[in-house]
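K.L.:
What follows is each chain in one-letter form.
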Amino acid sequence: NAGVTQTPKFRILKIGQSMTLQCTQDMNHNYMYWYRQDPGMGLKLIYYSVGAGITDKGEVPNGYNVSRSTTEDFPLRLELAAPSQTSVYFCASSAGQDGNTIYFGEGSWLTVV
Amino acid sequence: AQSVAQPEDQVNVAEGNPLTVKCTYSVSGNPYLFWYVQYPNRGLQFLLKYITGDNLVKGSYGFEAEFNKSQTSFHLKKPSALVSDSALYFCAVSPGNTGGFKTIFGAGTRLFVKA
Chain A
323 NAGVTQTPKF RILKIGQSMT LQCTQDMNHN YMYWYRQDPG MGLKLIYYSV GAGITDKGEV
383 PNGYNVSRST TEDFPLRLEL AAPSQTSVYF CASSAGQDGN TIYFGEGSWL TVV
Chain B
419 AQSVAQPEDQ VNVAEGNPLT VKCTYSVSGN PYLFWYVQYP NRGLQFLLKY ITGDNLVKGS
479 YGFEAEFNKS QTSFHLKKPS ALVSDSALYF CAVSPGNTGG FKTIFGAGTR LFVKA
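Residue numbers (the numbering used here), protein chains in the order written: chain A, 323 to 435; chain B, 419 to 533.
Bear in mind the hints are in silico, worked out from the structure with no lab data behind them. Glycine is no exception: its CB is placed at the ideal position from the N, C-alpha and C atoms. Misleading hints may appear alongside valid ones.
Claimed, not checked - Pair by pair, the computed Cβ-Cβ distance ranges are:
1. A:Leu402 x B:Thr470: 26 to 36 Å
2. B:Tyr479 x A:Arg399: 28 to 38 Å
3. A:Ala404 x B:Asp472: 45 to 55 Å
4. B:Pro513 x A:Ala374: 43 to 53 Å
5. A:Asn350 x B:Ala432: 25 to 35 Å
6. B:Lys487 x A:Met341: 39 to 49 Å
7. B:Asp472 x A:Ile334: 47 to 57 Å
8. B:Arg460 x A:Ala374: 23 to 33 Å
9. A:Arg399 x B:Thr516: 20 to 30 Å
Model the full assembly from the supplied sequences, consistent with the hints where possible.
P.N.:
Below, the structure is given as structure tokens:
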């Protein structure tokens, strides 16, 4: 089992550019999440999905979009990148039936310059 | 509104000494409580969780945590710290079996174990 896999690991974007962070999981989890981690701020939920075709906003959704066409994949789209989006992004998943344990990917370091 | 507090930004202990990383929470209903660990440049890894039952929960790498309902605390402990335990530790809480999307995370506590 690879678990949760996200790409790219590192990316530098120029202000106004767009990009997609890819995420896939092989645990057949219904729930998937995107978090951002800023220093000293813990994790903030950007978007989540409770199943294919269903997505919803988290705490900090502005400037991002997601889609969930399959159970396995949950890409995060950044439109018109801004310096405030410089952060570490984590994709994660959970089954929803095992006490809500969340499984995380290795993270994507994004810098907007 | 639910919340999680980790009152210490950093905890320093000597190798071989016991360690405690503190966490308090506020949530309605019966909480699910978690500890995750993050090593440098890695994702968060699940350590342990409390759902119900025995207030002392044992997890990975010799860690344990004690649920205290009256003090709304869930402190992480280990009897004898290792240098390799140095990492960032996150406490998390969710209000019951809600599928994880209502889980909130504390700001994290950096543990530094000195040889």
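K.L.:
Are the hints correct? Go through all of them and say.
P.N.:
Now for the hints, and whether the structure bears them out:
Here the CB-CB span from Leu402 of chain A to Thr470 of chain B is close to 46 Å, at odds with the stated 26 to 36 Å. Remark: the range hint 28 to 38 Å for Tyr479 of chain B to Arg399 of chain A is upheld by a beta-carbon distance near 37 Å. The beta-carbon spacing between Ala404 of chain A and Asp472 of chain B, approximately 48 Å, falls within the hinted interval of 45 to 55 Å. Checking the proposed 43 to 53 Å range against Pro513 of chain B and Ala374 of chain A shows it is violated: the Cβ atoms sit about 25 Å from each other.
Restraint check, Asn350 of chain A to Ala432 of chain B: a C-beta distance of roughly 44 Å breaks the suggested window 25 to 35 Å. The given range of 39 to 49 Å is respected by Lys487 of chain B and Met341 of chain A, whose C-beta atoms sit roughly 45 Å from each other. A hinted range of 47 to 57 Å holds for the C-beta pair Asp472 of chain B and Ile334 of chain A, which are about 48 Å apart. Checked against the hint of 23 to 33 Å, the C-beta distance between Arg460 of chain B and Ala374 of chain A comes to roughly 28 Å, which is consistent with it.
Between Arg399 of chain A and Thr516 of chain B the beta carbons are some 26 Å apart, a value that agrees with the proposed interval 20 to 30 Å.
This entry does not satisfy hints 1, 4, 5, going by the numbered hints stated previously.
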